[in-house]
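Modelling step: build the complete structure from the supplied sequences, incorporating the hints.
Protein chains: 2
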Amino acid sequence: MTPKEIVKKIKNTCPHIKSVYFVGCGASKSELYPAKYFLDANAKELRTGHYTANEFVYATPAAVGPDSIVITCSLGGNTPETVAASKKALELGAQVVAVTHNGDSPLAHAAHYVIVHGFEKNYAAKLEKMTNVLDLAVEILNEYEGYANYEDMQTGFEKIYDLIEQAVSFVLPTAKAFAESYKDAPVIYVMSSGATHEVAYSFSICLLMEMQWMNSGSFHDGEFFHGPFEIVDKDVPFLLLMNEGRTRAMDSRALAFLERFSAKTSVVDGKDFGLGSVIPSSVCEYFNPMLLTGVLRVYAEQLAIVRNHPLSQRRYMWKLEY
Amino acid sequence: MTPKEIVKKIKNTCPHIKSVYFVGCGASKSELYPAKYFLDANAKELRTGHYTANEFVYATPAAVGPDSIVITCSLGGNTPETVAASKKALELGAQVVAVTHNGDSPLAHAAHYVIVHGFEKNYAAKLEKMTNVLDLAVEILNEYEGYANYEDMQTGFEKIYDLIEQAVSFVLPTAKAFAESYKDAPVIYVMSSGATHEVAYSFSICLLMEMQWMNSGSFHDGEFFHGPFEIVDKDVPFLLLMNEGRTRAMDSRALAFLERFSAKTSVVDGKDFGLGSVIPSSVCEYFNPMLLTGVLRVYAEQLAIVRNHPLSQRRYMWKLEY
Numbered sequence: 001m002t003p004k005e006i007v008k009k010i011k012n013t014c015p016h017i018k019s020v021y022f023v024g025c026g027a028s029k030s031e032l033y034p035a036k037y038f039l040d041a042n043a044k045e046l047r048t049g050h051y052t053a054n055e056f057v058y059a060t061p062a063a064v065g066p067d068s069i070v071i072t073c074s075l076g077g078n079t080p081e082t083v084a085a086s087k088k089a090l091e092l093g094a095q096v097v098a099v100t101h102n103g104d105s106p107l108a109h110a111a112h113y114v115i116v117h118g119f120e121k122n123y124a125a126k127l128e129k130m131t132n133v134l135d136l137a138v139e140i141l142n143e144y145e146g147y148a149n150y151e152d153m154q155t156g157f158e159k160i161y162d163l164i165e166q167a168v169s170f171v172l173p174t175a176k177a178f179a180e181s182y183k184d185a186p187v188i189y190v191m192s193s194g195a196t197h198e199v200a201y202s203f204s205i206c207l208l209m210e211m212q213w214m215n216s217g218s219f220h221d222g223e224f225f226h227g228p229f230e231i232v233d234k235d236v237p238f239l240l241l242m243n244e245g246r247t248r249a250m251d252s253r254a255l256a257f258l259e260r261f262s263a264k265t266s267v268v269d270g271k272d273f274g275l276g277s278v279i280p281s282s283v284c285e286y287f288n289p290m291l292l293t294g295v296l297r298v299y300a301e302q303l304a305i306v307r308n309h310p311l312s313q314r315r316y317m318w319k320l321e322y
Numbered sequence: 001m002t003p004k005e006i007v008k009k010i011k012n013t014c015p016h017i018k019s020v021y022f023v024g025c026g027a028s029k030s031e032l033y034p035a036k037y038f039l040d041a042n043a044k045e046l047r048t049g050h051y052t053a054n055e056f057v058y059a060t061p062a063a064v065g066p067d068s069i070v071i072t073c074s075l076g077g078n079t080p081e082t083v084a085a086s087k088k089a090l091e092l093g094a095q096v097v098a099v100t101h102n103g104d105s106p107l108a109h110a111a112h113y114v115i116v117h118g119f120e121k122n123y124a125a126k127l128e129k130m131t132n133v134l135d136l137a138v139e140i141l142n143e144y145e146g147y148a149n150y151e152d153m154q155t156g157f158e159k160i161y162d163l164i165e166q167a168v169s170f171v172l173p174t175a176k177a178f179a180e181s182y183k184d185a186p187v188i189y190v191m192s193s194g195a196t197h198e199v200a201y202s203f204s205i206c207l208l209m210e211m212q213w214m215n216s217g218s219f220h221d222g223e224f225f226h227g228p229f230e231i232v233d234k235d236v237p238f239l240l241l242m243n244e245g246r247t248r249a250m251d252s253r254a255l256a257f258l259e260r261f262s263a264k265t266s267v268v269d270g271k272d273f274g275l276g277s278v279i280p281s282s283v284c285e286y287f288n289p290m291l292l293t294g295v296l297r298v299y300a301e302q303l304a305i306v307r308n309h310p311l312s313q314r315r316y317m318w319k320l321e322y
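So the sequences go chain by chain: A and B.
Its first residue numbered 1, the first sequence is counted upward by one per residue in this note's numbering.
Its first residue numbered 1, the second sequence is counted upward by one per residue in this note's numbering.
Don't read these hints as lab results, they were simulated from the structure.
Ideal Cβ placement from N, Cα and C applies to all residues, glycine included.
Fair warning: there could be bad hints in the mix.
[As the list claims (entries may be wrong)] DEER-style ranges, computed between Cβ atoms:
#	chain 1	residue 1	chain 2	residue 2	range
1	B	T13	A	K234	49 to 55 Å
2	A	D184	B	Q154	52 to 58 Å
3	A	E91	B	K234	40 to 46 Å
4	B	E165	A	G276	50 to 56 Å
5	A	T2	B	D184	51 to 57 Å
6	A	D184	B	K234	17 to 23 Å
7	B	E143	A	M1	39 to 45 Å
8	A	N308	B	A256	29 to 35 Å
9	A	Q313	B	K234	16 to 22 Å
10	B	N78	A	T155	40 to 46 Å
As structure tokens, then:
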């Protein structure tokens with residue numbers, strides 16, 4: 001079912017939804033964030049929560065119940081913590097929507113509604129998960145409160161996949177340069193703001209720590225000046241993800257500081273890929289995370305090549321019980 | 001005014017508060033988190049938000065208005081971003097409560113209500129900021145929705161300061177051993193769960209990166225198994241903050257993994273300091289962050305001593321405009 005169809009059905013069953021919870025683990029948690037950010041920014045009434053799955057299970061928010069929608073997310077649909085969280089949400093009477101690449105997975109079976117998204121086809125397909133969750137959030141807001149920029153948002157959904165494919169098609173030289181320059185970095189800091197905040201987090205914990213065994217930390221670039229910036233010195237490695245949209249001033253301020261003190265700085269910027277010329281300015285900030293995640297995938301692939309460390313190589317995951 | 005008096009006055013003026021926003025920067029952002037966690041865990045209706053101050057200013061949530069309480073926090077009361085956020089909240093008609101050590105500061109003057117907290121006297125006094133914000137959250141919940149464990153929570157507020165002072169009085173040998181063992185660590189990872197999640201964040205970005213110029217990263221230990229754990233190897237340095245309360249199972253699982261693969265692991269555990277024997281189990285999880293922050297201050301002081309790097313030493317802060 002499409003996000004629109006699902007939300008129409010939920011509205012028929014539950015005309016008084018009060019809260020929307022986003023639950024996942026690791027990359028699948030961070031990919032829920034743009035939708036949570038969108039609702040927090042625009043909803044006047046709807047309450048949101050965003051949880052790593054086991055925290056949702058062990059310390060379930062009191063408000064989860066028949067007037068909640070719980071959106072759970074796992075690529076393979078078999079992340080045990082997320083499946084447990086989905087079951088918990090069902091038990092409590094919430095409306096549960098699973099977003100997964102596998103429509104016959106344990107997660108898909110622990111939900112009222114399922115969105116099955118692509119993955120393998122191309123870079124854009126890898127962003128269907130994140131984009132579908134944002135689409136769900138937009139439909140929820142529009143159904144329950146109304147949303148003035150709904151049509152602009154539809155333009156965004158129409159354009160974003162082509163924009164990702166176009167961006168990745170010309171980013172290879174920059175990605176190679178990044179990989180060559182950062183391949184021996186003792187640590188890489190990643191930061192961003194707004195809807196892209198958890199793209200920085202995800203690149204840090206998944207692409208760098210998990211898939212490259214490289215040391216990394218991440219934080220919001222609005223927080224940079226309240227602690228982390230004291231680590232800056234000549235050649236300290238940073239990756240800054242810049243947004244087209246309302247929070248850009250924070251990204252720019254961080255960039256100015258990094259350049260002033262000659263940190264080793266790479267920037268991936270939504271503006272460089274024409275986001276704002278294709279998607280209306282009223283909503284374009286919400287599409288930075290998809291575009292930048294697509295581009296960063298190429299960066300990670302190039303890092304894997306120069307480091308002779310495939311992105312699929314693991315020490316523990318898939319190899320043992322823990 | 002006390003949190004109770006403030007919330008009574010707000011209730012008289014605004015009987016229909018719908019949302020509570022927590023706004024600050026760096027340590028003062030993270031010290032708001034236990035209150036946000038408490039409300040998310042217990043409120044059936046009240047909606048929460050937690051923002052680094054500039055994001056609140058640039059991308060102000062649509063729901064901020066006359067039916068919101070905005071709690072802003074800054075130790076010296078002169079953090080420009082937080083003062084701007086407080087003014088923004090006033091403009092939008094929200095009820096604004098400033099929590100600061102300086103009752104005559106710009107932040108104090110940009111709020112309807114002010115809580116002035118201690119700091120210098122002892123370790124416990126440094127936790128008055130965090131504890132007062134939790135107290136505000138408890139009063140808000142109790143006034144607007146009722147809270148079954150309100151009396152237990154009062155016991156917690158009565159006991160926590162003595163508990164902190166008692167804990168720090170016997171932690172010195174362990175803190176010295178930590179400092180000696182971690183002083184040359186190339187990076188230190190810090191993690192926790194539940195109410196203590198942002199204590200890990202704050203120790204990472206403020207005590208280690210800002211005050212010791214040491215590389216660091218932090219994450220929720222429920223997320224550990226979905227990315228970061230692949231960095232684990234013999235002697236990779238971790239600091240794990242364990243909670244007494246509902247999320248302890250996640251902390252324990254992370255510990256078991258770290259020990260299994262011989263990571264360099266230090267644990268600071270609320271249970272070791274008798275939290276659960278002094279504060280009722282219904283509410284004791286919410287007091288882990290105060291207790292552990294007190295203990296971690298001693299850890300940071302010892303690190304500063306063995307590294308000959310005072311906690312007050314800065315490269316940029318207080319030295320230049322940025």
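Status of the hints after comparison with the structure:
1. For the pair T13/B and K234/A, the supplied restraint of 49 to 55 Å holds, since their beta-carbon distance comes to about 53 Å.
2. Taking the beta carbon of each, D184/A and Q154/B are about 55 Å apart, inside 52 to 58 Å as hinted.
3. For the hinted restraint 40 to 46 Å between E91/A and K234/B, the CB-CB distance of approximately 42 Å keeps it satisfied.
4. Between E165/B and G276/A the C-beta distance comes to about 55 Å, which sits within the given range of 50 to 56 Å.
5. The hinted range of 51 to 57 Å is satisfied by T2/A and D184/B, whose Cβ atoms lie roughly 55 Å apart.
6. Between D184/A and K234/B the CB atoms are about 21 Å apart, so this pair conforms to the stated range of 17 to 23 Å.
7. The hinted range of 39 to 45 Å is satisfied by E143/B and M1/A, whose Cβ atoms lie roughly 42 Å apart.
8. Between N308/A and A256/B the beta carbon distance is about 32 Å. The supplied range of 29 to 35 Å therefore holds.
9. In this structure, Q313/A and K234/B meet the distance hint of 16 to 22 Å, their C-beta atoms being roughly 18 Å apart.
10. The hint said 40 to 46 Å for the Cβ distance between N78/B and T155/A, and at roughly 43 Å that hint holds.
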